[in-house]
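Student: If you read the sequences in order, they're chains W and U.
Just add 46 to wherever you are in the first sequence, counting from 1, and you've got our numbering.
Just add 118 to wherever you are in the second sequence, counting from 1, and you've got our numbering.
Warning: the hint list may mix true and false statements.
Here are the computed lysine-lysine pairs in the DSSO-like style, where the Cα-Cα straight-line distance is at most 30 Å [to be verified]:
(1) U:K175 - U:K160
(2) W:K117 - U:K216
(3) U:K187 - U:K176
(4) W:K103 - U:K176
(5) U:K175 - W:K57
(6) U:K160 - W:K117
(7) W:K57 - U:K176
(8) U:K176 - W:K60
(9) W:K103 - U:K216
(10) U:K160 - W:K60
(11) W:K57 - U:K216
(12) W:K60 - U:K221
With the C-beta cut set under 7 Å, the calculated list includes, among others, these residues of chain U facing chain W [unchecked claim]:
(13) G172
(14) F219
(15) H226
(16) I227
(17) P229
So, partial list: chain W residues that the calculated Cβ filter (under 7 Å) puts toward chain U [said to hold, decoys possible]:
(18) G49
(19) G62
(20) Q87
(21) P89
(22) S151
If you are wondering where the hints come from, they were derived from the structure by calculation, not from laboratory data.
Quantities reported herein were computed from a predicted structural model and do not represent experimental measurements.
Glycine included, C-beta positions come from ideal geometry on N, C-alpha and C.
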Amino acid sequence: DTGVSQNPRHKITKRGQNVTFRCDPISEHNRLYWYRQTLGQGPEFLTYFQNEAQLEKSRLLSDRFSAERPKGSFSTLEIQRTEQGDSAMYLCAASQISYGYTFGSGTRLTVV
Amino acid sequence: ILNVEQSPQSLHVQEGDSTNFTCSFPSSNFYALHWYRWETAKSPEALFVMTLNGDEKKKGRISATLNTKEGYSYLYIKGSQPEDSATYLCASLQGDDKIIFGKGTRLHILP
C-alpha cells in the first residue's frame with residue numbers, strides 16, 4: 047500500500063467513449079500530480095493541484111482531458127471521446143512537501 | 119523547455135558486476151533531483167532525493183551523486199543482483215515546482 051490509491055487498475059474502452067479515473071491520496075498530501083506513461087517513455091507531466099486549485103496544465107492535455115480535485119482530497123481525470131493514442135498508463139502522484147512523491151499503482155487505459 | 123536525459127537507455131549487466139548510469143538535467147533554476155526505481159506493473163519507488171551540489175546518498179548497494187553546477191547525477195549499483203532488474207528513473211524538480219522525468223534506464227541483470 048503506497049498511500050495513494052488509483053481506480054480502476056485497468057480500463058478497456060471503445061474509441062469515442064468517455065472514461066474517468068480516480069486518485070485518492072492520503073489526507074496530508076496537499077499536492078497531487080497526474081502523469082501519463084507510454085511505452086518506452088518516462089512519465090509525462092499532465093497537470094497538478096495544490097489542494098483544490100489546478101495550478102498547471104500541460105499542453106499535452108488537449109481539451110478532451112479534464113481534471114478536478116474537489117475539496118482538495120481525491121482527484122479525477124476524465125478523457126472524453128477517447129482515441130487510440132490515449133492508450134497509456136495514467137499515474138497519480140502526491141506529495142506533502144516538495145520532497146518525495148508517492149505514486150499510485152496507475153490506471154492502464156486501452157482504447158480499442 | 120526542460121529536458122532530463124538519461125543514458126544509457128538500456129543496460130545488460132552480469133550478476134555480481136557493478137554498474138552506473140547517468141542523468142543530466144537543466145542546472146538553472148534547479149531545486150531537487152529524484153531517483154526512482156520502477157518495476158513493471160508497479161508504481162515508481164522513490165530511492166533518493168538530492169538537493170545540494172556534491173550530495174552523495176546511499177541505500178544498501180545503491181548510491182547516487184549529484185553535481186548541480188554541471189547538471190548531472192550518477193546512480194551506482196554495486197554487486198548487481200537479479201532483483202535489481204528494473205527501470206531507473208531520474209526526475210528534476212525545478213523552481214516552478216513541476217517535476218520532469220527522464221525516459222529511464224532499463225537495467226537487466228543476467229544470471
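Student: Could you work out which earlier hints the structure fails to respect and list their numbers in ascending sequence?
Tutor: Violated: hints 4, 5, 7, 8, 13, 15, 16, 17, 18, 19.
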